[in-house]
Structure formats: structure tokens, C-alpha cells
Amino acid sequence: MENKEINHTANHRHKPVFVEGPIEPAFVGVAIGKHSANTTIGAHSIFLGQVRSDVLDGRTVTAIEYSAYVDMAEEKFREIREAAFAKYPLTCMHLYHSLGRVGAGEISLFVFTSGKHRREAIDACNEVVERIKQEVPVWGKEIFDDETYTWKENK
Amino acid sequence: MENKEINHTANHRHKPVFVEGPIEPAFVGVAIGKHSANTTIGAHSIFLGQVRSDVLDGRTVTAIEYSAYVDMAEEKFREIREAAFAKYPLTCMHLYHSLGRVGAGEISLFVFTSGKHRREAIDACNEVVERIKQEVPVWGKEIFDDETYTWKENK
Amino acid sequence: MKITILVFGKLTEILPQQHLELADEPTTVGTVRARLEAQFPALKSMRYRMAVDKKMATDDTPLTENAEVALLPPFSGG
Amino acid sequence: MKITILVFGKLTEILPQQHLELADEPTTVGTVRARLEAQFPALKSMRYRMAVDKKMATDDTPLTENAEVALLPPFSGG
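Residue numbers (our numbering), protein chains in the order written: chain X, 1057 to 1211; chain U, 1057 to 1211; chain V, 433 to 510; chain E, 433 to 510.
Keep in mind the hints are simulated off the structure, nothing from the lab.
You may find that some hints are simply not true.
Unchecked claim - If you anchor each label on the Cβ, the simulated ranges turn out as follows:
1. X:His-1173 to E:Gly-462: 34 to 40 angstroms
2. X:Gly-1156 to V:Lys-487: 22 to 28 angstroms
3. U:Asp-1202 to X:Glu-1138: 39 to 45 angstroms
4. V:Pro-473 to X:His-1173: 51 to 57 angstroms
5. U:Asp-1113 to E:Thr-496: 19 to 25 angstroms
6. X:Gly-1156 to V:Glu-453: 16 to 22 angstroms
7. U:Asp-1202 to E:Ala-466: 53 to 59 angstroms
8. X:Val-1126 to U:Leu-1112: 54 to 60 angstroms
Just so it is clear, CB atoms sit at the ideal spot from N, CA and C, and this is done for glycine as well.
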């Protein structure tokens, strides 16, 4: 399984990016460990989005409920992924985004790029995160502690 | 312990950065999970340096043996850390660097920055990685499969 | 011509997902938008973009039979 | 004046860590470097910088009693 995954990433194989609920920290550790067999990698860059308990008019965010135009979003993720592989000499890229409820302090986005050198891993990770925020049809509904909510908007 | 750590990072407390041997992937997962209690964090940026099995004149690197001018290096790490906290509105920063032998495919550097927004986390992580590579007195001796070696130099 | 209207995020509070039967051909995204804004006036004050068959579209984008027309409020993924 | 010479990385193959007794005061990093390069000629062909008491130094940097003078080849951490 591990080797299969590493071999296939060269073909930019697209697995679904959406996962139900939060991304567990231990899952990130496991994802990292899967790359120890690929000794052409010299650098990993990881971005994690975590749900903040922002306060608005005295109400505190307890969770974000994510919804998406799933088919279009998965196409966008694939497009973003392929553009990054075309632009940067990456070894691997893995993307995960939550759907459904993610509590404050939990992780909803996991972008993981790897390359021979740090420059490509870092630059690709940065660019992919920006593009996901701007271009992928996902919506977050911030749920407050009094059961009211507001729709988030990315800057 | 967990809460203590989070509370103290605001004071830029400096723990030793050097650890003996490789940094385990599971350790990274645990480090991430310790931040779920800090719900002012919206973004984590992580850089990991992994030992490559480069080939030079038909010999393959099997490990890097790291040594350092430890006292000066820890001072540099503190200086780099404090400069990043002064420049960026970070919530946390954690740094780990290996000493001793780290095999190909294993991790020798772990830079972990967290902030309210992605910009500060990503920019600080990037800058800290560059400064570590350029300014910290650490040396890597690349050990080949035939027991010969060469001294690495950062670009 | 029959099309499907998909609605997301905050806009789901204003109008439902629905199928529309359109008389006039050729039809564009702008025609559909005008029709929806007439039927659901709250839409006019909302910021949103439209997609046709999962591609971002403008008012000029033509529609074909069974097109999937989506109303997309500002994204907030990540 | 007594100083300590610390040596790292590739340079450890050329000269050992050592204590030096220096006659002439005031003394600078440059003086020490010249003396070491005379004693260990292979040093002359090496790229290295020097630090005094854990701060990067130049040939002009003055030395004081018990200074810790380090010879630092190009870094390769990370």
C-alpha cells in the first residue's frame, strides 16, 4: 500500500480530497511516515488549517460546518494539483479537506508537498493553499455557542 | 504539560532545539495535536528536512551524521526564533534539529510555526528555515554505502 | 430546454435547488440569473458567481440542454 | 594570553581542538588565523569563517583572555 502510493504519485493520480469530519493530527504523522521509503525526497512542506474559536458580538465559534459543490471542487483540486506538478519539480503532493462538522481546535485542511529541495516543496505548498482558498467551491458555516451561525468568507 | 507549553510559548521560552538521532513522524503528529487546545490558532506551517540518498560517483548516501557547535547553535536558534516572533504575529514556534546519525529517509529538521492566519505562519516558517540553513553552525557528514563520506554544504 | 439550478452556502437560505424549464433558446446564464432574481428578490443583494457544468461562467455563457447551473457565494474553504 | 581553539566539520581532519598561549597583546583573530595557517598549511586552501565567544568575527576582532575561537567551515544543517 505504502509503496504503491509513492509510485503512483508520479502519475499525479487523483484521490478524493474531501474527508468527512476533522483531520486527525496522528493521520498527519502517519502520512509523513509513509514517505520514508522515498529517499529522493529532501524536503516536506505542510500546511494545516485549524478552526479558530473567533468571537463575534459576544458569541464564540464552537465549530465550522463545511459544505461544498463536491464535483466541481474535486475537479478544481485536481486542476490545482496538476498545475503545481507542472510548475514545480515535486515528488509528491497530498491534499485533504474536511466536509461536515469540524470543532474549534480541529484541523480542516491538510496540504502536503514533497520535493528534492526545500524551494519547490515550500513554494508549491504556499501556492496550492492560496489557490484552494480562492478557487475551490467550499463553504464554512461558523456555528456559535448560542446555536446561531454565520457564513465565513475567505480574504 | 500541554497547557504549560502553550502558555509559555508567548514568552518565547527557549527549549533546546537539538535532539539525538532522527525526528520520528509520530512525534510530529503529537506536536500538532498539542495545539488543539489553543483555539486562537487558524494556521500551522511545517517544514521537515529529510535525508536523501543522493548518489555521488556511484556511491549512495545511507545516512548523515550531524555535528554542531552546540552552544553557538542554540544561541542562534534563539536569536532566529525571537526575530520571527518580533516580525510576525505568531502564536507558537517549535524547532527541532537532529544531532548524530540520521538515516536516509529519516527526518533531521522540524520547523513548526502557528498563527491566527496563514500568512504569518507560512512566512515565518519559510524565513526560519532559510536562516537555519544559512546561519546555524551545524555540519552534516554524508556517509556512503562503501563507508566513505563527504562533508555537505548548504546552498 | 431543461436545466438544473444548484445552490450553495448562504444562498441556500434564499432559494432551493430546482429544475427550470426555459422557453427561449438560445439561452445564456444572464437570462437565468435575471429570472431567478425576479423570482427571489433577496438574491439581488447577494454577492455570488455562477458556474455552468462545473466551470466558472459569465452572463454571456450559453446554456445547453441539461446544463447544471450553480450559484456560488464567496468561498470559505480551508 | 590563553585562548581555546574549537574546530568543526571538515576542519577537524586538519587540526585538533587546542589551547593556545599567545605572547603578543593586544591580539586579533587575524593573528591567530595566521599562526594556525602557518602551523597547518592545509587550512589555507579551506573555506571557513571564525567566531569568537560564539559570535561571528573578522580578522580585526580583538581577543581577550580565555576567548573561545572557533573555526567554522560552511554550514550544512537542516
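Please check whether Gly-1156 of chain X and Glu-453 of chain V have a Cβ separation lying inside 16 to 22 angstroms.
violated, 34 angstroms
Lying within 34 to 40 angstroms: is that true of the beta-carbon distance His-1173 of chain X to Gly-462 of chain E?
36 angstroms Cβ-Cβ, so the 34 to 40 angstroms window holds.
Mind checking the hinted window 19 to 25 angstroms against the Cβ distance between Asp-1113 of chain U and Thr-496 of chain E?
violated, 46 angstroms
Consistency of beta-carbon spacing, His-1173 of chain X to Pro-473 of chain V, with hint 51 to 57 angstroms:
Holds: the Cβ-Cβ distance is about 56 angstroms, inside 51 to 57 angstroms.
State, for the Cβ atoms of Asp-1202 of chain U and Glu-1138 of chain X, whether the hinted interval 39 to 45 angstroms holds or is violated.
holds, 40 angstroms
Range first: 53 to 59 angstroms. Now tell me if the beta carbons of Asp-1202 of chain U and Ala-466 of chain E are that far apart.
Hint violated: Cβ distance 38 angstroms, outside 53 to 59 angstroms.
For the hint 22 to 28 angstroms, verify it against the beta carbon of Gly-1156 of chain X and that of Lys-487 of chain V.
About 26 angstroms separates the Cβ atoms of Gly-1156 of chain X and Lys-487 of chain V, which means 22 to 28 angstroms holds.
Cβ-Cβ distance between Val-1126 of chain X and Leu-1112 of chain U: within 54 to 60 angstroms?
violated, 48 angstroms
Hints 5, 6, 7 and 8 from the list above are not met by this structure, while the remaining hints are.
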